[in-house]
Amino acid sequence: MSGLALTQTAFRVTPGQRPESYFRVRQLDGTKAYALAAIEHANLRIRVLGATIHPGEDWIVQQTRNLLMDLEETGSRVKFVLHDRDRLFHEGFDAVFTAAGVQIVRSGIRVPRMNAVMERWIGTCRRELLDRTLIWNIPHLRRILAEYERYYNEHRPHRTLVSAAPLTPLPAPVNDLDDFRVRRHDRIGGIIHEYQEAA
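Per the UniProt record's numbering: the sequence shown ends with 199, consecutive numbering throughout.
Hints are computed from structural coordinates only; laboratory data are not their basis.
There could be a bad hint or two in this list.
[Stated by the list, open to error] Pairwise CB distance ranges (calculated):
#, residue 1, residue 2, range
1, ARG184, THR74, 46 to 52 Å
2, ARG106, ARG77, 33 to 39 Å
3, HIS140, GLU197, 31 to 37 Å
4, ARG85, ASN175, 49 to 55 Å
The C-beta atom is built at its ideal place from N, Cα and C for all residues, glycine as well.
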């Protein structure tokens, strides 16, 4: 597995980092697909950047440009990019970040904990989604990864965020359990379930 991390300058004491990573997915016909994702260490927000069968230099450079444009639109600034030494990260990949004034940092050889947050997300995505789903083709993979991204960012609780999701505030405490009703919402064809307080 490969990784990349970006650090926001907005966090001065302990900068947040966004690692990015390729991960391999086997489709139903046995073809290998590659997905590229980025995660922000500060709030654990995930961004699935794309999926392809042929992760060439042009494709990864375009995904990198798209990420930088998205970050610019949201007002996020990147200071560092951390990625491992996977051959899939070409010189053009680093050049896009360098041109944007971002410092490139490569993880150490055989140091998987250097990018542990991204590696953990890949494992979580595999256990919760990919190990339970037959991937038909690239459009299907993109669709279920986009749905999982929404679930992960908007609903899935995280222990490091005091059981909040990355893009949602903590829910109000429940005072009276007799009036508390829960509604279940199925995602990705019932593979993942969300539970919300009913009105």
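Hint check results:
Roughly 31 Å separates the CB atoms of ARG184 and THR74, a value that falls outside the hinted 46 to 52 Å. As the Cβ distance of ARG106 to ARG77 is approximately 21 Å, the hint placing it in 33 to 39 Å is violated. Here the CB-CB span from HIS140 to GLU197 is close to 32 Å, well matched to the stated 31 to 37 Å. Against the hinted window of 49 to 55 Å, the Cβ-Cβ separation of ARG85 and ASN175 comes to about 53 Å, which satisfies the hint.
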